[in-house]
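From first to last, the protein sequence lines are chains A and F. If you count the first sequence from 1, position 12 lands on 12 in my numbering, and the numbers rise without skipping. If you count the second sequence from 1, position 113 lands on 113 in my numbering, and the numbers rise without skipping.
Hint data in this document are derived by calculation from the structure and do not stem from the laboratory. No experiment lies behind these values; they were computed from the predicted model shown. Hints may be right or wrong, so weigh each one.
[As the list claims (entries may be wrong)] In silico DSS-like pairs for lysine-lysine, Cα to Cα no more than 30 Å straight-line: (1) F:Lys-71 <-> A:Lys-96; (2) F:Lys-62 <-> F:Lys-51; (3) A:Lys-78 <-> A:Lys-55; (4) A:Lys-55 <-> F:Lys-44; (5) A:Lys-78 <-> A:Lys-112; (6) A:Lys-96 <-> F:Lys-44.
[Said to hold, decoys possible] Partial chain A-side listing against chain F, Cβ under 10 Å, derived: (7) Val-4; (8) Gln-6; (9) Tyr-33; (10) Tyr-37; (11) Ser-42; (12) Leu-47; (13) Met-89; (14) Phe-110; (15) Lys-112.
C-beta: ideal position from N, C-alpha, C; glycine also.
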Amino acid sequence: AQTVTQSQPEMSVQEAETVTLSCTYDTSESNYYLFWYKQPPSRLMILVIRQEAYKQQNATENRFSVNFQKAAKSFSLKISDSQLGDTAMYFCAFMKHGTYSGGGADGLTFGKGTHLIIQP
Amino acid sequence: NAGVMQNPRHLVRRRGQEARLRCSPMKGHSHVYWYRQLPEEGLKFMVYLQKENIIDESGMPKERFSAEFPKEGPSILRIQQVVRGDSAAYFCASSPPFSHLSGNTIYFGEGSWLTVV
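Let the sequences and hints guide you as you build the complete structure.
This is how it looks when you write it as structure tokens:
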């Protein structure tokens with residue numbers, strides 16, 4: 001079974017600063033995917049960024065980037081030029097490569113989340 | 001493309017009643033997942049379904065909980081004889097069949113909040 005650990009229950013930074021959220025995971029799988037999801041006060045789960053384990057290049061989406069260290073099983077999220085709208089719960093999630101006949105995704109395993117607060 | 005649609009958004013049930021939560025996946029998606037989020041917790045996987053088939057229900061409690069995804073119509077998560085501990089947010093998600101383009105990305109609905117009184 002996989003486990004995902006987010007060691008920072010809450011973080012607070014000033015607007016425009018850069019912040020890094022940490023995530024570590026444990027798995028015996030070699031082929032998998034990692035995700036960061038954002039859950040604002042509306043509670044909608046929004047995909048922020050995804051990373052395929054077989055890719056060495058770190059994923060980037062605008063102000064969001066990851067530092068993926070496969071050997072260390074670490075997957076941190078960096079938010080540059082933070083904005084008030086970035087205030088939310090951030091969840092790190094793991095998914096192993098789909099193994100069922102017909103393809104399709106396997107279940108996500110989530111960490112407990114980090115509550116990020118952006119101060120004006 | 002409409003997103004994953006869940007209803008009701010909020011549901012209040014008395015102990016012992018039944019709760020039914022519905023989920024319509026995104027257009028073109030044939031895979032549905034249900035997750036539960038307890039207060040101050042991350043989402044926990046419950047069940048994964050394809051049309052008319054339960055693929056993985058390893059996260060679903062053995063009793064009182066059931067899920068289906070019929071050939072026509074939405075996926076239903078059914079909780080019989082609800083208890084206070086069932087109070088949670090229940091999220092549905094969907095994905096297309098796996099491809100190297102879509103990878104294994106799944107998309108979430110806005111959740112259904114069940115309160116048992």
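Here's how the hints hold up against the structure:
1. F:Lys-71 <-> A:Lys-96: With a Cα-Cα distance of about 27 Å, the restraint between Lys-71 (chain F) and Lys-96 (chain A) holds, given a limit of 30 Å.
2. F:Lys-62 <-> F:Lys-51: The given pair, whose Cα atoms are some 21 Å apart, holds under the 30 Å limit.
3. A:Lys-78 <-> A:Lys-55: holds (18 Å)
4. A:Lys-55 <-> F:Lys-44: holds (27 Å)
5. A:Lys-78 <-> A:Lys-112: The given pair, whose Cα atoms are some 18 Å apart, holds under the 30 Å limit.
6. A:Lys-96 <-> F:Lys-44: holds (15 Å)
7. Val-4: Check passed: Cβ of Val-4 (chain A) comes within 8 Å of chain F, closer than 10 Å.
8. Gln-6: holds (8 Å)
9. Tyr-33: holds (5 Å)
10. Tyr-37: Result: holds, 8 Å to nearest chain F Cβ.
11. Ser-42: Ser-42 (chain A) check passes; min Cβ-Cβ to chain F is 7 Å, inside 10 Å.
12. Leu-47: The hint holds - Leu-47 (chain A) has a Cβ within 10 Å of chain F, the shortest such distance being about 7 Å.
13. Met-89: Holds. Min distance 9 Å.
14. Phe-110: Holds: closest Cβ of chain F sits about 4 Å from Phe-110 (chain A), inside 10 Å.
15. Lys-112: At 5 Å from the nearest chain F Cβ, Lys-112 (chain A) passes the 10 Å test, so the hint holds.
Hint violations for this structure: none, all hints satisfied.
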